[in-house]
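Join these two chains into a complex; the hints should help.
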Amino acid sequence: MASDTMTAPPLVDETKPVRHLLAGVVFLVLAVAVRAAVSLVGIGESATVAFDRTLTDFSWTLPSDPVVAFLNLVVVGLAIWMIVGLPQRWFKIATAAAVTAVVLSLLIWNYSQPGTVFRAESILAGALFLSMPYLFGAFSGVVCERSGVINIGIEGQFLMGAFTGVLVANITGNVYAGMVGAMLAGSLSTMLLALLATKYQVNQVVVGVILNLLALGFTSFMYDQLKKAEGLNSAYSVKTITWGPLTDIPILGPVLFQQKVFVYVGIAMVAVVWFLLYRTRWGLRTRAVGEHPAAADSMGVNVNRLRFWNVTVAGLLSGFGGAWFTIANSLAFGKNMTAGLGFVALAVMIVGRWNPLGVLAGALIFGFTTQVARDLDAAGASIVPGEFLQMLPYAVTLVVVAGLIGRAKAPAADGVPYNPGDK
Amino acid sequence: MSTETETPAPEQPESAETTEPRPNFMRLFGRYLIEANSVMVTIYSLVMAFFIGAVLLIVSDEGVRSTWTYFFARPQDALSASWNLVYDSYLALFQGAILNLNTLEAFRAGDVEFGNLLRPLSETLLNATPLIFTGLAVGLAFRAGLFNIGAQGQMIFGMLGALVIGFTLNLPAAIHLPLAVIAGAVAGGIFGAVPGVLKATTGAHEVISSIMLNNIAALFLVWAIGSQFLHSETKSELVTKPVNETATLPTLLSSFNPSLRVNLALLLGVAAAVFVWWLLSKSTFGFRIRAVGFNEHASATAGMRIGATYTTTMAAAGALAGLAGAALSLGVGASGITTNTALEYGFDGITVALLGRAKPGGIVAAAILFGALKAGSLSAQPAVPVDISILLQAIIVLFIAAPALVKAILHLRAPRGGLVTLEAKGW
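Chains as they are written, first to last, in the working numbering: chain U, 1 to 423; chain P, 424 to 850.
Looking at chain P on its own, in the form it has when it is part of the complex (with noise of 0.2 Å):
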């Protein structure tokens, strides 16, 4: 993203002051380290993330907080308990996400196989897969000035849509798995224009609208889930039908070890993002979808029609959150989806999105890290709070969003090129 800035420049202005030595790489590399740089930043915010969230779990922990009340007689107990339970709670997101050391341990033994080690990485790519195609969806919209938060809701019809081709038809895989695909990408990218649209026509604005479509999507899955058209014929609780064997995304490692369940989905996305990099960058549609997130005023100007980039873009997007919930139900919840399969992935996508910096790279960089979180803290539970990767996920996006929050708090320099933050706009 910015490697260029570590060739020094060797004619710099200030450096004609005789005190100061010739800037060498070291140096600038200081520079750039105190610098509100936007990979600095980033890697401040998430410094300081974990830092409010350690500050959380001693706060909130019963048992600690009563070492703290006689901090003055022993301080080593509040201390030493308090480094205990952070380190605990994020060794523990750590074995969930990366690499258990137990199984390390038992792997050095000759115990478990090399497939079990690979597990936890497993599981991040897996958790990782939804939320590239839910952030691409709103980091493309994004480009165009439009906040979409209804990936959630257009996930869920992507996995409603997928879901009945995936269990309604006989045919081959070949044909039958990118059938299930499309229909999830469609049925999501129909869902999604409907903001388009309303905003285009009615000029109806796409947050509120996005928002009550979210609504409407988790209380008819609630709905489906239960009708007796999707409702297993089997299981008496709700839960629906299994999708065709035909129609079920391939495993990637499997042939490790079974239990590694991340598939398919995860190189569709990283293909999606490479297609969406290459919409915005190469095409016509992603220079009209930039120059009306630039100035759409201009661009109207200019002759492109605004109401029908909104409608696009946001069908487009709404095609990309439809995927991600194509891979939910004939990924993972390829035997029965529920109301839980969708867990928070659509609302994810917006802190991807904003903290990959709506560049496909970056999403699919900042999904790979909130996959491991979401992996981590599911797999910690009950011991650490399920919820500390929305909280934590909340804090990096809030600095990431703020950078000039970051900036004053830490006494950065500012950038040469000024702070990279998200450009205000009003309803």
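Chain U extracted, bound-state conformation (with noise of 0.2 Å):
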């Protein structure tokens, strides 16, 4: 679908106001269905938002009804602008706000039950942390995509992380060995991947989807086999990094200087990621050979082999990304214990537009979204029964991806094998 797109008439009928149209429909249905869910089950006076690590005898309340109901008033206006036509730049501008208060006033409602508080620095530090799969699952995919091939394996290389990164922990009875193993776990199914892609051609998605099928196989099977063994599946933890008397600035203290190794890491991938595949020559290749491979190839790169290191490199970020599951968490590995968020990862990456920065917001907006489901749900105070709590982050997917995002522009030779031969 990728790169013959110049001369081919559209395939779906894009007409903006469709699209602007749908959107609008599906906001005006939200907003009415908050409305009545808040009518039908009642919101409490007011929400409480405290500092709970820092400054723990302040506190912030907000009336919630008239907060509620202005934040509702607004996404209906967004809503009637969307269906009586908007300027296509503001599209985006008007989903996102219309996102925001819907999301905003659903955190207002459910906070507002008595006894609940919304402990501002407990739920963000966990927030940036509950990101951290979805940041190093989408950096995987974006290292394999902006070269060209589709990596819809990252729940497998997930789960091949979580489980090595365990084993080989108890093996060696060193934690770090086992971030180490969980990385190479990673890779070797991106290898494998890599292989089919380049030389064997075979279509990414299938093989991807595939791939993901054999490491819960895999892993599952494993878990079982080695169950009758002791001691190969404790959990091994790491230590929280403090950085001592930054910890204590409000806000930013507990959630950016009191983290695992892992957030280091990322936020740094952050940087590292963009760095490289905008300043480099090698980033520079990369992304030629996901546009235009030909081009590329006629420049001198080797289309193939540059292809294949890159995807079997991404493996470690995903599988590094799997050990978050276990490491990070201090749990034991379990089956399927990845529970769909290779997927989550997957779409952060479309959010993100395939792009570094992109991908940290996507990834923060995920976390987030998981962090407050789980905390609603922990404090049972939740209006909200926990299932659909917790289908909060693959509902967002959904509309994010539909709605916000339409057709996101993938790398052109995206997913499309590279035969020198027949150019």
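Worth flagging that the hints you see were computed from the coordinates, not collected in a lab. Source: prediction; values computed, not measured. Treat the hints loosely; a few may be bogus.
Just so you have them, the derived chain P footprint on chain U, three or more residues with Cβ under 8 Å [claimed, not checked]:
| hint | segment |
| --- | --- |
| 1 | 200–206 |
| 2 | 212–222 |
| 3 | 225–232 |
| 4 | 391–400 |
Quick list of the computed label-pair ranges, beta carbon to beta carbon [as the list claims (entries may be wrong)]:
| hint | chain 1 | residue 1 | chain 2 | residue 2 | range |
| --- | --- | --- | --- | --- | --- |
| 5 | U | SER234 | P | TRP646 | 29 to 35 Å |
| 6 | P | PHE473 | U | ILE171 | 26 to 32 Å |
| 7 | U | PHE275 | P | PHE710 | 50 to 56 Å |
Even for Gly, the Cβ is constructed at its ideal location relative to N, Cα and C.
Here is the structure:
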């Protein structure tokens, strides 16, 4: 679908009004649903925001009912604007604003229940921590797809990393060796993808799905087999790193300076991947191979070799992301413990438009949603059933992929095998 | 599939070589065996998958692994332990899926009746039934160039749809059962149409939206089972109300033995396969599906409405997966479904469709094979890890999807028509 779109007629009716109309209707329905739910279940007097770790005696209360009503009106207004027609350049801003307003009103509504407090610092710190698997998975996807190979197997690489991380940590007794093992296991999985995608030119989406299944089957099988032996799947953990007095800064301290090594590596990777992609010779070649492999080839780049190594190295990132599930959470491996988050990571990559900074933003949004859902669920104070809260990341992905992004522009040669013979 | 290749072509130019004897049937058959045609690739994929499975069984078993540590001192220990492990494991799969040799002994001695012998086969077909539907759901979409990995979610909604009609209404069986089955298809179809509509209107890729819908459906199922409307009135654990007797799928073989659970849905599945075959090869709709799958740009140029085709194909695929759900909630789950009833039949549908090469006949055959694996692994656990069925399935279809890999590993010859491989497509 990629390289030949220049001459072909449009496949689907992409005229803007349809998309705007659809988005408008969706938001209108959402606004009505929120309104109905609020008046049906009722809403508390006020919602409280607290700085729970640094300024423990300070909190901030806002009247919930009027604020939710106002946000509701905002969503309705934006939806009507979309339906009657708005300039294209405003569409994305309006969508983002509407999504924010819906999420905020839901948040305030839920935290207006008596006994619940929006513990800002814990929640934001947790959100950053929870965004890490999305970040690593999406970076793996970015490196692969920028070089023109679709990596739908992030979920499988997560599973391999999560499993191998614990196994190697148990065998060696060293948690850092476990992390390296996780990276190598992820890389092994992508190496298979790379081999099949470049040398054997197989459909990459199909291979990715099969590799996910293979990883699920392999790790579950090994889990049952190794359960028979003692001490191969015990939980290992890493310490939280604190930065002395910096941790006492309100908000910033708990969020940024009191985290596990995974978070620091993740933040560093944003800069590293961005720099490598946009400021180095390797990055230029990678992007060229993903956009126009024939041109890169004629400039002397060995397309398939570069793709092979990029995809193989990208597996190190998703494998490390896999180690997050076990080592960062101090958990033993469990069957299918990644629970589809590898696919959410894929969505984060698309939301982030194959760009490291966009990916960071996307990962943070998803981490935040997940953390809030968990927090409300754990408090038992949620009005919405826990299962619906857990649906949030997936539902947001769906809305964002369909509404906000629409047809996101993937690298032009993404998923198209390159055969130097038939230019 | 390729019986024609066995008829020799008498005037072959290369047979002009004087030294080479005239091609006879055995020669051609021998050549056929070492060629990477689709039949042989399938067979070799199966063989290699079971070989890799055996290696993994040996490597991961602690007892056997310890015998390998002194391999050079006493190699026979390691070899016999490994052989026994693999033999026992695969025998257990076979006994659970096809024929239990102990029961056969007992039957010979006259201790058990004939029906008991059929039990493994009945379980195989029972497990194959939803796989036929989900395999068709994935395969049909494949032909339109859509990768429907949402069969799991569509099946879950089909399950719920059939269940709701199954226990709320009081009707004679002749109306109630068809109605419940149709409800399953409709629920699955509506849920399946969503990725199609999204792709047609916004361009969102069906793989991502289906995955999200799968997760949403799985969570929805957990909530729905626990909800007041569906939750069992008599049991406290997470299980739904049973469907009425009138909406339960009748079993086929229970006259032999009441434990034979295979039911009418199997025949429905075969009928669905025939219908899909007819749809794809004889109907206008099927022609449109194949045309869009073959070249969407050309189809658009020829005046076909691509978006509408995406939507209807996904709806039809969802309906097929919904039937799988109906087969579950009106069959094995008739006494109440749990979160476990759906297993991974929807995801397995992907492997079934790939192994069956998206053709209805192939899908039925693949579904029976994987149904056998599933039945075998379910009965052989915990001696054999139950997930060996997923593992073997994944390895098999990995090779099927990459015939060039099989060709390279086994040094096969290139077939005359070129390798049968799936077309590569981008986002």
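We went through each hint and held it up to the structure:
no. : hint                            : result
1   : 200–206                         : holds (count 7)
2   : 212–222                         : holds (count 8)
3   : 225–232                         : holds (count 4)
4   : 391–400                         : holds (count 5)
5   : U/SER234 / P/TRP646: 29 to 35 Å : 33 Å, holds
6   : P/PHE473 / U/ILE171: 26 to 32 Å : 28 Å, holds
7   : U/PHE275 / P/PHE710: 50 to 56 Å : 52 Å, holds
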